[in-house]
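**Q** The primary structure of each chain is shown beneath.
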Amino acid sequence: MYKDIYKDTNKDMELYSNNNIGSAIQYFRDIYHISQSKLCKGICSVSTLSRIEAGERDIDAFILETLLERLGKIPYQFELILTDFDYEVYQSRMEINRLIEDKAIDEAYKLVKEYDKLASDKGTPHKQFIMLCKARLNELEGGRPEATIDMLVKAITCTVPDFSTEALAEYFLSYTEFGIILEMLEKMILYKMVDRAEKTLNQIIDYMFWHNHMEHNVSIYPKVAAIGGRFLLEQNQLDKALELCNKGLEMNKGSRRMDYLGEIFFVKAQATEGKFKSAGLWETCDKSECIRLYLKAYHLFTFFEEETVADKIKKHLQEEYQWVDID
Amino acid sequence: MGRYRLGDIIRMTRKSLSITQEQLCEDICSVETLSRIETGRQNPGKDVYELLMERMGRIRDRAYSMLSVSDYKVLEKMRQFETSIQTYEYHRAEYILEDIKMLLGDTNLDRQFITRAESLVKYRLKRISTDEFLDELRKAIRITIPRYGEISLANWPLNYNEVTILLNISTAYSEKEEYQKGIDILEEVNSAVKQSYIEEEQRSTMQVVVLYSISKWYGLLEEHQRAIETAKEGIEICREFKIGNALPHLLYNYAWNKEQLIDKGILPPENKRVCINYLKKAYYIACAMQQSYMEQFIKSHLAINYDIMLCV
Numbered sequence: 003m004y005k006d007i008y009k010d011t012n013k014d015m016e017l018y019s020n021n022n023i024g025s026a027i028q029y030f031r032d033i034y035h036i037s038q039s040k041l042c043k044g045i046c047s048v049s050t051l052s053r054i055e056a057g058e059r060d061i062d063a064f065i066l067e068t069l070l071e072r073l074g075k076i077p078y079q080f081e082l083i084l085t086d087f088d089y090e091v092y093q094s095r096m097e098i099n100r101l102i103e104d105k106a107i108d109e110a111y112k113l114v115k116e117y118d119k120l121a122s123d124k125g126t127p128h129k130q131f132i133m134l135c136k137a138r139l140n141e142l143e144g145g146r147p148e149a150t151i152d153m154l155v156k157a158i159t160c161t162v163p164d165f166s167t168e169a170l171a172e173y174f175l176s177y178t179e180f181g182i183i184l185e186m187l188e189k190m191i192l193y194k195m196v197d198r199a200e201k202t203l204n205q206i207i208d209y210m211f212w213h214n215h216m217e218h219n220v221s222i223y224p225k226v227a228a229i230g231g232r233f234l235l236e237q238n239q240l241d242k243a244l245e246l247c248n249k250g251l252e253m254n255k256g257s258r259r260m261d262y263l264g265e266i267f268f269v270k271a272q273a274t275e276g277k278f279k280s281a282g283l284w285e286t287c288d289k290s291e292c293i294r295l296y297l298k299a300y301h302l303f304t305f306f307e308e309e310t311v312a313d314k315i316k317k318h319l320q321e322e323y324q325w326v327d328i329d
Numbered sequence: 002m003g004r005y006r007l008g009d010i011i012r013m014t015r016k017s018l019s020i021t022q023e024q025l026c027e028d029i030c031s032v033e034t035l036s037r038i039e040t041g042r043q044n045p046g047k048d049v050y051e052l053l054m055e056r057m058g059r060i061r062d063r064a065y066s067m068l069s070v071s072d073y074k075v076l077e078k079m080r081q082f083e084t085s086i087q088t089y090e091y092h093r094a095e096y097i098l099e100d101i102k103m104l105l106g107d108t109n110l111d112r113q114f115i116t117r118a119e120s121l122v123k124y125r126l127k128r129i130s131t132d133e134f135l136d137e138l139r140k141a142i143r144i145t146i147p148r149y150g151e152i153s154l155a156n157w158p159l160n161y162n163e164v165t166i167l168l169n170i171s172t173a174y175s176e177k178e179e180y181q182k183g184i185d186i187l188e189e190v191n192s193a194v195k196q197s198y199i200e201e202e203q204r205s206t207m208q209v210v211v212l213y214s215i216s217k218w219y220g221l222l223e224e225h226q227r228a229i230e231t232a233k234e235g236i237e238i239c240r241e242f243k244i245g246n247a248l249p250h251l252l253y254n255y256a257w258n259k260e261q262l263i264d265k266g267i268l269p270p271e272n273k274r275v276c277i278n279y280l281k282k283a284y285y286i287a288c289a290m291q292q293s294y295m296e297q298f299i300k301s302h303l304a305i306n307y308d309i310m311l312c313v
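Going line by line, the protein sequences match chains A and B. Under the working numbering, the first residue of the first sequence carries the number 3, and numbering increases by one thereafter. Under the working numbering, the first residue of the second sequence carries the number 2, and numbering increases by one thereafter.
So that you can see chain B by itself, here it is in the shape it has in the complex (with noise of 0.2 Å):
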């Protein structure tokens, strides 16, 4: 979300898909009213802009959808929802989609996100598979991205609610172990994020959870050194734009991954004097950022592997 124009969203889409203005606006207007709509000196007409969105497998709705009443209305609902969900609150998450449900309408967008939803909260509640959650989520990404498992989304103009979809995908792998398909999802996802529209700070929040799940997923394939160095790229994106909710899960990544390296005999043991001094900053933040199980974890980890008792 966030402020840009309708010829905005058509550029970016059809650079993803590598096609001319040539190509895309035969039969529905003018090369050079194309050019005019991309560049904001004019406004599509509504048919206008959903022929060039469709003519991109793009089904029409994008911009308008998001704008409609109901989208308002349950806005709320449905960061409750996401509340309850980061919270392992399935049921409530259960209750409140229920009420969402009520509200929307049938747009695509409602559409997609009540996929979502629904598979979730029943995959959460281990009523389906992972197997049954993943053809879900297909379903759901696929209704904005027919194309979606053929085609690249590394240059996609992805939006919000494709990105939490696609964390979902991955997430689902990374539970059946499959951890490189997995880390193929967020790096296409990364790199589509890094150059989309998306207003800066929601951007940035979004970069940190995929940077963070890349590298604990490269840390349990062995991949020390890439998930270092993802880690790495992630923290960076916390001190630029101070975000602190995964920022000690990222510095105890970071740490984790320098162990192993020095355990196999790949680091020097002095690198031990970075890891602490990582894991402190990663407790004494977790502390700051009030998240209680993360402080438990650092310090029974700092406890147990360098005899280190901090201050309590």
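Same shape as in the complex, but just chain A (with noise of 0.2 Å):
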């Protein structure tokens, strides 16, 4: 008797909370207007979606987290209960992550593989994270950069199928998915890759503008500047560097984040430095704004105790500004 109770409160449960979480998807997608098409493309069908919406499934927790995050909810805002499955799988991340960290290479793939066994037939998002690790693996081991960046398009493709054909701006990208996409842009100009680094960051561009209300632009855009901005600056588009610069300076505005701000006032500082030389008015121009620019990159940098950076800046002031008052 007592069992039967218990069994019918615990599904009640599963139900509750799970019908809860569909109908918060159904609402954000509502006041956002994206359709269940958009939201669920490369995660899983729209009628798994629509049964989702209607709280009618038990629902992978990682798809679920994708789908949240593609609409902006980083999972920390929201009460996930795991189920023991989801536990696992959710420690078995965190672990990889871990031995990745620690370049343990042997071991991370030997826990890859179990990860593989566990969860690979239980949706895109977790063979998403089996195809990162193994191009993060890749570059540890010291394979070939062709390859690294391979398996970084196989790992976006996952659950944005037409990542290389289509435009990006018609998805509504996920935080992870987007960390992704800036992954590659990252490998793909340390490896010198000019051309398709600069096709990648113009699709991220373009995917910004289009999706500039979506909240988390907010913790990516500084991300983007920096990369990017390092990158324009490097390829002596000073203006467009600028451009990436201030935009992520204006939506880190409010934030509590500061982990791009100093490459961010660097490049800035650079580039307006490099504008007024191009122009021929270095001699006789105020150079305020740029020491400015640049003490504040200084001071972020030793902040965080990144003296090769640091030193780099107080050297360029001292020759360049004649500047001496820096400490």
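Keep in mind that the hints were calculated from the coordinates and are not lab data. This structure is a prediction, so every number in the text was calculated from the model and none was measured. Heads up, a few of these hints could be off.
SDA-like mimics (lysine to any residue), calculated; alpha carbons at most 20 Å apart, straight line [as the list claims (entries may be wrong)]: (1) 129/A - 96/A; (2) 243/B - 181/A; (3) 78/B - 216/A; (4) 78/B - 92/A; (5) 78/B - 28/A; (6) 243/B - 177/A.
Using the hints, put the two standalone chains together into the complex.
**A** In structure tokens:
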């Protein structure tokens, strides 16, 4: 008797919680005017999403997370009560990430293989995670750069099937998906694949333009500005670099994060200086704007104990500006 | 908020009350079942979960009401409310709150939010006194922690809303210049938050705010050494998690308290060099974070106390 009640309430609880998350997804989808097919593309079928929204189905937590993330909701804004399976998978992900960070390549490969067995048939977000790990491990092993990039493309294609052919702006990307594309951009820049990098950066900027209202842009834009700004500066596209930096700073206003600020100010300082120089105004211009930008960058880098960059800025300020009053 | 299992919540709460599994589960379920629930090998039924939580003095709802639809729908409005409070737009906050009230249900957490938010707006608009404000906040916190005031919260699994209320309570004490009371509350909050299961980013953000207040109040109580140590702890968290909003304040607190020790002759004047360095850092980081008030404040501090004119 007791057992029966227990079973019923347990079921009731699962329905109850999933139902709420389903209607939350529907609610946010409605306010952002995103169609079902756009939201779930690459993650699950429209009919599955309908069922999720109606609260009829138990959902894999990572599919749920990707959907929420595509709506600009970061998972920690929500209570996700994990099932035991989800929890095991979640723990396994944390462990793999830790191993990769510690450069324990063999152990990481072993766990990725286990993860593959455990979750690869549970949905595209899991396949994406596996491919992402393989890309990172390939790089750690000193594998071919092209192979790393290919794997990253494969990873993003798991949930964004026509990533390479169709305009990115059509999608609503999750924070994780966007992170993979940015990682790809960073690698392309690192390996001097200039054309591909430029194409990818333009895709990203285009995406940001069309998705300006999404709230997670606040955390994404500064990163794009730092990476893209540095690349454009190196390509001597100074105006475009400045524009990107300014946009990044605008988005960071009121935020509590300061992850990429140092690099943004450094790029902005160099681009501003470069513009004066290329216009032949260097000898006569007011340099205080540049000094201020360099000083902001310098203090941010020293605070984070990134001495190499900080020293570079300090030396530059002393030599180019005869500015000694730094610390 | 974040990812966790009901079992985690039960285990944390039980540990915070220092009771054994046997004491907790008597007449509710077997020790073996409780053990399986706590380690996540079994999900508790809703009734079992509620009975266990009730026995621990935590009224049901903790996990469930956070999953209520009303929460999601008002999530953004709640954020707008908090932003209005932070930017001192209290009339706007009051307006948003009216909207929220129409959408919210009658769960404990909903009532807790409303009680806190209403009293906060009324207090900031000077419609109630500090003591009345404190009374309302105590009512709010007792909705989920009935024995607030009698027990230590140092090991309590506080959630985000509770931390916010406790921050408000401590601020109210500080406005009555009862700094020690404010510090005592926040020291407990700090210890609870440190070991809580809240998502890392959110936890570190809360810790920074808590440490900033503690260091400020220690400074005002002229316990400068403790103020410096607390500020340092906060600065380290900012460094680790790259959180910038309270960083200029923390750097300033550090420098200001050192200055007080120099003035009192406890620290040798050579320490002024460090103060200037911290203040400059605070200034440029405030600029980078686009906090114009803090920027001006530190700039004039450097001008008045050290005759230093920063590059404009």
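**Q** If a hint holds in the structure, say so; if it doesn't, say that too.
**A** These are the hints, each one checked on the structure:
no., hint, verdict
1, 129/A - 96/A, "holds (16 Å)"
2, 243/B - 181/A, "holds (18 Å)"
3, 78/B - 216/A, "holds (16 Å)"
4, 78/B - 92/A, "violated (31 Å)"
5, 78/B - 28/A, "holds (17 Å)"
6, 243/B - 177/A, "holds (18 Å)"
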